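J.: For this one, chain A is given, so just place chain B on it according to the hints.
This is what each chain is made of:
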Amino acid sequence: MTESRGTRIALKAATAFVLGFLYLPLVILVIYAFNSSRIQSWPPQGFTLHWFGEALNNPQVRTAIINSLTVATVATAVALVLGTLAALAVQRYSFFGRDTISFLLVVPIALPGVVTGIALQTSFVTLGVDFGLLTIVVGHATFCVVIAYNNVIARLRRLPRSPEEASADLGADMFTSFRRITLPSMGTALLSGALLAFALSFDEIIVTNFTAGASTQTVPLFIFTAIQRPTELPVVNVVAFVLILVSVIPVYIATRISGGESAGKL
Amino acid sequence: MLIGAVLSIFTFSLTLGDYITPDLVSDAKFIGNVIYDNSTLGNLPLAAAYSLIPIVIMVVYLLAARRLGAFESL
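Those protein sequences? They're chains A and B, same order as listed.
According to our numbering, the first sequence is numbered sequentially starting from 250.
According to our numbering, the second sequence is numbered sequentially starting from 4.
This is chain A alone, in the form it adopts within the complex:
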């Protein structure tokens, strides 16, 4: 494809503008994380690692990080199991009401987080469930399932059926075929789905805000509360910087593993 000189320059300018729009706020945040002044004013006063020490010694930050890691791990595990089973059912079997099931599966996932959040909160109150890590996990599982489901179903569509059929012909029962043939060929799809689900769970706040209760904090919840206290802003910058790193690394690995197959897809 050949573009005129003018088009090329315009495209370059548009790309630079979009990238700047996406990354400039992140760069500013990272710069302030190393700023020696407690007050955020431009230009930064000097370089310091002081806030990293302060963040590390803050018990609230530590608890929040441990909570976030726990929730993300459990929610990812739940999502992988349920998402894989749902994808297998919808892709490999045709049964009465299959289209309805797949539609019903998508609706709660496609609802805005605020609806999921308030619905879960109301249900937990009605059922008398105590708010805590468990309720957060349930909230996160609702959107993590779709990540696993999408990754697995995209892989299943591309897998040939013949190895499974050969395995069944040779006398393997359904579970043996699944364990030794289907599961290994889904490995990377599961891994990239898991990494994306983990990253999404780790920085989720919209649903978490409803299902966390008053006494449990995750990293995003900590940031959201602390940001309203100006003296804590440097610590917030550090935590947000760490959050960016923790979220970016798994997403990067996931896109590398899947070779762009479906990793960009929510």
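It should be emphasised that the hints constitute simulated quantities derived from the structure, not laboratory data.
Any given hint might turn out to be false.
[Claimed, not checked] Examples of chain A residues toward chain B, derived with CB under 8 Å:
#	residue
1	GLY255
2	ILE258
3	LEU353
4	VAL356
5	THR371
[Claimed, not checked] Just a few of them, taken from the derived set where beta-carbon distance is under 7 Å, the chain B residues facing chain A:
#	residue
6	SER16
7	LEU19
8	SER42
9	LEU44
10	ILE56
11	PRO57
Note that this is a predicted model, so its numbers are computed, not measured.
For each residue, glycine too, the CB sits at the ideal point set by N, CA and C.
T.: Chain B in isolation, oriented as in the chain A frame:
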């Protein structure tokens, strides 16, 4: 094209219900803010009634996407 239709469902839905971003960078109130604010104020019935708006919008959106056959390409 169909993939675009599927992806638009999720981006649209994410934006439709967001109340954190409007809270942080604007004074304007959105659907999400009305739902969240009323639920924290203890006016749960109003919040619940209001949340029917995004539910109806998303169900219509999903039904339209299904008619286009967008789900087969999901």
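J.: If a hint holds in the structure, say so; if it doesn't, say that too.
T.: Now the hints, each set against the structure:
| no. | hint | result |
| --- | --- | --- |
| 1 | GLY255 | 28 Å, violated |
| 2 | ILE258 | 28 Å, violated |
| 3 | LEU353 | 10 Å, violated |
| 4 | VAL356 | 6 Å, holds |
| 5 | THR371 | 7 Å, holds |
| 6 | SER16 | 5 Å, holds |
| 7 | LEU19 | 5 Å, holds |
| 8 | SER42 | 5 Å, holds |
| 9 | LEU44 | 13 Å, violated |
| 10 | ILE56 | 9 Å, violated |
| 11 | PRO57 | 5 Å, holds |
The structure fails hints 1, 2, 3, 9 and 10 (numbered hints given earlier, in ascending order).
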